Structures are given as structure tokens and as C-alpha cells.
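Peer 1: So you can see what is in the structure, the chains are spelled out below.
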Amino acid sequence: MSPMIARARNTRRRTRQRQAILSILPVVLVLLAIRAYPIVFAAAKSVTNWNGLYTSDYVGFANYARLLKGEVFWTLVRNNFVLLLNVPIQVFLGLVVAVLLHERVWGWRFFRSLYYVPQIISAVIIGYLFRTLFSMDGPINIVLARIGLMPEALEWLGNTATALGVIVFCLVWSSVGWQAIVFMGGLSAIPESVFEAARIDGAGFWRRTFQVAVPMIVRVVEYAVMLSVVWTFTGLFPFIFSLTRGGPGYETTTLDYMIYLRSFVSGVNLGEACAIAMLLLLIILALTVVEMKATNSMDDWSE
Amino acid sequence: MSRMDGRSGAGKLAIFIVQTLIALTFLYPLFFMMQNSLKTRPAYYTNPFNLPVAPLQFANFSAMVSQFKILLLFRNTLIVCLGTLALLILLGILSSYAFAKLRFRWSQPVYLAIVITLFIPAQVTMIPMYVQFARIGLVNSFGGVVLAYLAQFIPEVVMLMTANFRSIPNEIIEASEIDGANYWDVVRHVILPTGRAAIFLTVIFYFIVMWNDLFIPMVLLQKMDMRTVMVALASLIARYTGDPPYQFAGLLLSAIPAIAVYVVFQQYIIKGLTAGAIK
Numbered sequence: 032m033s034p035m036i037a038r039a040r041n042t043r044r045r046t047r048q049r050q051a052i053l054s055i056l057p058v059v060l061v062l063l064a065i066r067a068y069p070i071v072f073a074a075a076k077s078v079t080n081w082n083g084l085y086t087s088d089y090v091g092f093a094n095y096a097r098l099l100k101g102e103v104f105w106t107l108v109r110n111n112f113v114l115l116l117n118v119p120i121q122v123f124l125g126l127v128v129a130v131l132l133h134e135r136v137w138g139w140r141f142f143r144s145l146y147y148v149p150q151i152i153s154a155v156i157i158g159y160l161f162r163t164l165f166s167m168d169g170p171i172n173i174v175l176a177r178i179g180l181m182p183e184a185l186e187w188l189g190n191t192a193t194a195l196g197v198i199v200f201c202l203v204w205s206s207v208g209w210q211a212i213v214f215m216g217g218l219s220a221i222p223e224s225v226f227e228a229a230r231i232d233g234a235g236f237w238r239r240t241f242q243v244a245v246p247m248i249v250r251v252v253e254y255a256v257m258l259s260v261v262w263t264f265t266g267l268f269p270f271i272f273s274l275t276r277g278g279p280g281y282e283t284t285t286l287d288y289m290i291y292l293r294s295f296v297s298g299v300n301l302g303e304a305c306a307i308a309m310l311l312l313l314i315i316l317a318l319t320v321v322e323m324k325a326t327n328s329m330d331d332w333s334e
Numbered sequence: 017m018s019r020m021d022g023r024s025g026a027g028k029l030a031i032f033i034v035q036t037l038i039a040l041t042f043l044y045p046l047f048f049m050m051q052n053s054l055k056t057r058p059a060y061y062t063n064p065f066n067l068p069v070a071p072l073q074f075a076n077f078s079a080m081v082s083q084f085k086i087l088l089l090f091r092n093t094l095i096v097c098l099g100t101l102a103l104l105i106l107l108g109i110l111s112s113y114a115f116a117k118l119r120f121r122w123s124q125p126v127y128l129a130i131v132i133t134l135f136i137p138a139q140v141t142m143i144p145m146y147v148q149f150a151r152i153g154l155v156n157s158f159g160g161v162v163l164a165y166l167a168q169f170i171p172e173v174v175m176l177m178t179a180n181f182r183s184i185p186n187e188i189i190e191a192s193e194i195d196g197a198n199y200w201d202v203v204r205h206v207i208l209p210t211g212r213a214a215i216f217l218t219v220i221f222y223f224i225v226m227w228n229d230l231f232i233p234m235v236l237l238q239k240m241d242m243r244t245v246m247v248a249l250a251s252l253i254a255r256y257t258g259d260p261p262y263q264f265a266g267l268l269l270s271a272i273p274a275i276a277v278y279v280v281f282q283q284y285i286i287k288g289l290t291a292g293a294i295k
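As given, the protein sequences belong to chains A and B, one line each in that order. One gets my numbering by counting positions in the first sequence from 1 and adding 31 to each. One gets my numbering by counting positions in the second sequence from 1 and adding 16 to each.
What the hints contain is simulated information worked out from the structure, not anything from laboratory work. Any given hint could be a false lead.
To be verified - List of simulated lysine to aspartate or glutamate pairs, DMTMM-like, C-alpha gap at most 20 Å: (1) B:287 - A:134; (2) B:117 - B:193; (3) A:324 - A:227; (4) B:28 - A:223; (5) B:28 - A:134; (6) B:295 - A:322; (7) B:85 - B:241; (8) B:295 - A:253; (9) B:28 - A:227.
Bear in mind that the values here come from a model prediction, so they are computed numbers and not experimental data.
Bound conformation, chain A alone (with noise of 0.2 Å):
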């Protein structure tokens, strides 16, 4: 190779590399600035009295020892552990309703599309519309009066156990749409001829669901599971704020609805707040880890 051509490939190379350090870079510099260095920080602050002006004093693990000896804290975590009830629901029934989409009967594409609406319509709208379905004068107490269920108007949202209920199954209806497609998505990848030989085999609609799809989209069902648990630590602030606000006392409040709490509205605390931000990305993490060790040894077991 002559030396004038190697330069040129070297000079390309060269621009090549400064081409693509300059497309990355703004990406890096915003995500530098607004999701790493805020993490960094709320960690030191984390650590002190923080009241978002002057004071900020080293207070040690004062803020953690504080929320952990609390009774609160653990409320909150019981809330977590309870709405996580939400994701087999919805798995369940995004399952079932996935394989029935698959026979593909008539009207199917009109039907999946449907099933998907709940999730184009905000959190904040299905909130207040499930809210008002569960109030104490609400259309539900109203058939259970009538069809002679309750004789007495139940107030949902004012119990630990009911209010924690009508979240989990406000959550199920605007999630399983997706569960759904995304498990069409994993059934369309299986041939045809497996299900026509179950079916020729006598296996009846559940046992071809759960004994012949299942199987077949564990990896599938796995990312489902797995988005679905982050989700309900992190994406339930639309629906806390518009169902229950959190109530009664901190009944239904989450994790994640306690750091906006701390943060603007009531026992503004901003050292703990941060405090449980740290503790909510530890929990995360180790979700993360854990499904990320299940799916390992899963794949070890199947091969």
C-alpha cells in the first residue's frame, strides 16, 4: 500500500471520529447535565438538612435512619409491594387476550386497536373518571345498591384496602391493551402448524395459552414483567394524584408520589426527599439485577 493512500485512510478515519464525537456529543452533554450530575447531587444532599435555600448541613445518615425507623416509610413500601398486584393481573389477562386476538376472527385488527385505547388517554383523565365511577355517589355504589349487593354506599377511595383495590384495577384496564400487543408480537413469531398440532392433539384454549404460547414467549413475557414492575415504582404519580392524592393519610401513597410530597407540597423536607429518591433508585437497581439474574438462569434451564 503506498504511503499516500495509507494517509488518506488514516485522515478519513481521523474525521471520521471527530464526525462522531461531535453527533454524540450534545446527547452526552444534556443527559450530563439534567440526569447524571442531578443524581450526584440529590446523593450529597441526601446526606444533610437541605431546605433548598442556605441551610444544608452534614447530618450524616440521619435522613435515612429517620425514614427507615419511621412508620411512614414502610407504609409507603407496603403500597409499592400491594399495587405491584397490578402486573400478574395484567400479564393474565394481556395473555388471554393476546391468544384471542391470535385466532384472528373477524373484526380482530378493530378489537386490538380498541383494547389499546386506555393507554393513548392520559393517566391524569383515567384518574379522575375512575374516581368519579368509585365515589361515594358514584355510578358503582349505585348498581351495587340497586342489584341489592351493598345496602350501603361503600366510600372506596376512603379505605386502605379498597382505595389500594380500585388503583390496582384502574391500572389493570389501561395496561392490558399493551400487555396484549406485546404478546401478539411474540405469538406471530410462533409457526402456525404448532398450534394447528396442539389443537389436533385435543389441546382446548387454555392449555394451548399457557402450556404450548407461553413457553414460547417466555422472553417476551419476561421484558413485559420486568417494565411493568419499574413502572409501577415509577409511573404511578398521574394516577396517585388523580385517584387519591395519596389518601387517606398516606394509605396510597408510593414511593415516588412521597418524593413530589416532600418535595413541594407537605412536610417539605428536601434532605429526605432526596433520601428516598436514593432509596427508590437502590430498589430499581436491584429489580433490575434480580430480573436480570432470573432471565439468565431461565435461558440456562431451557437449553
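Start from chain A and add chain B according to the hints.
Peer 2: Just chain B now, with coordinates in the frame of chain A:
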């Protein structure tokens, strides 16, 4: 052989009926909202299950426009959406082109680092971001919300576009470079046209996501006439709990733009979801 073969008509009918019932559980709450938004408050409390009787009450809707100024809120939301989308597309295309086609050192670790930020919830970074933004005048400014959204969504956009751009054959890029095309020529004449599916999906999907979002604009936009539609709706609805028909009118009106985009472009969204390109 079609998949219908070997299925009895009764089986098909049963599946159709079950799907219709499922469809009703999604449709009825929305229908309930619609029929009651056309009633007066006393009519709602007399019987919320009746169809509205004439004369229909469009007063709730006109109050949304005249008193609630919903069109101003639409405008604010649109500014935020379009501003963010422009930046998401521009920065998304440039960085994804680099990750997909320009080989460079540290490409893999940098890509991974960008993707990892996906797992950071908005709530975790909100307080420090708010303090930073307050210092440089980005609170109560559309620019602040645009920046916050950009940082929130760009990792997913980079993932989506990089995967898409990888399928562009290197030969096309090399051929146009031999013809003397520079960096911007390649972006405009190769990447833009061949990657338009991913770009288009980004636009419609994130438009819907941002239209519906509450947390970021609620914290960053506190001025009454700067609020986005969901922020204003959230505070209005809490004040009118005794008047569901009025609330329903507001909820319905503010849902229309996102639903309209979905109705027109649904096949792109469903295709993206099925492929796992968006979530």
C-alpha cells in the same frame, strides 16, 4: 392454509362474543363520560345511566373554551410538544447515525451509558433539576420543560433510531461519499429518507406521551397562563368534584388531540409496539 381452517363456526363466534364483551369494558366508561358531559348537574345526579335528553347541554363544553381557556392550554402543550420533538429528532438522528454507522472508539460504552439513564425515574432527578433550572431562569419557561423532556426521552429515541439506521446498507453511504457527499449530505440524502419510519414513529409516539404527561410540566410550569392542558386539568378537576358533567367535558376535550393522532396513525404505533421499538 388459513388459520381459520379446522375451527368450528361456533368456536369463532364464541371468541367474537368474548372480544365484544372485553371491548365493552373499555368503551362503556368512555361512553359514560360522553353521555354525562351533555347533561346538567341535576340530571346527572338523578340518573347517570340515562341517555341525555334534549336539549343537549353543550354549555359544559363552551365553558371549557370560554372560562377554562382550554384552547390556550392546547397552545401551550403544543409549543412544548413541537419544541421537544424538533430537538429529539435532530439530536436523535445525529447521535444514532454516529452509533449505527460511524465506527469510533468508546462507541459501545457511551451507547450503554446513554441507555442506562432510561432506568432513572423523573422523580429522582426532579429536585436537583428544579434547583438548577430555577437558578438559570428555566422554571416557568417552556424551554425548561423542553429540556427536561429531551433528557427523559432521548435514550429511547437513540435506541429506536440506532436499531433502525443499522439496517441501512453501508454501500449506499460509501457510494455517496465517493460521489463527494459530506457529513450533512449523507444525513439529508441517505439517513433521513431511509430512516423515516423510525423518525415518524418517534414524532407520533412522543407527541402522545407528552400531551398526556403530568409530572414534569406540573413542577416546572406554575404560572397560570403557561400551564399545559393536563396540569390545568388536574387542578381544575379537584375543585369541581361536585359537578361531574362539567369535569367530563374537560376530560373529553383534552383527550381528543391524542386520540385523533392515534386514530389516524394507529397502524404505525401498533407496529412499533409489536416490534418492541416503543413501550
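Peer 1: What are the numbers of the hints the structure violates, in ascending order?
Peer 2: Per hint list: single violation, 3.
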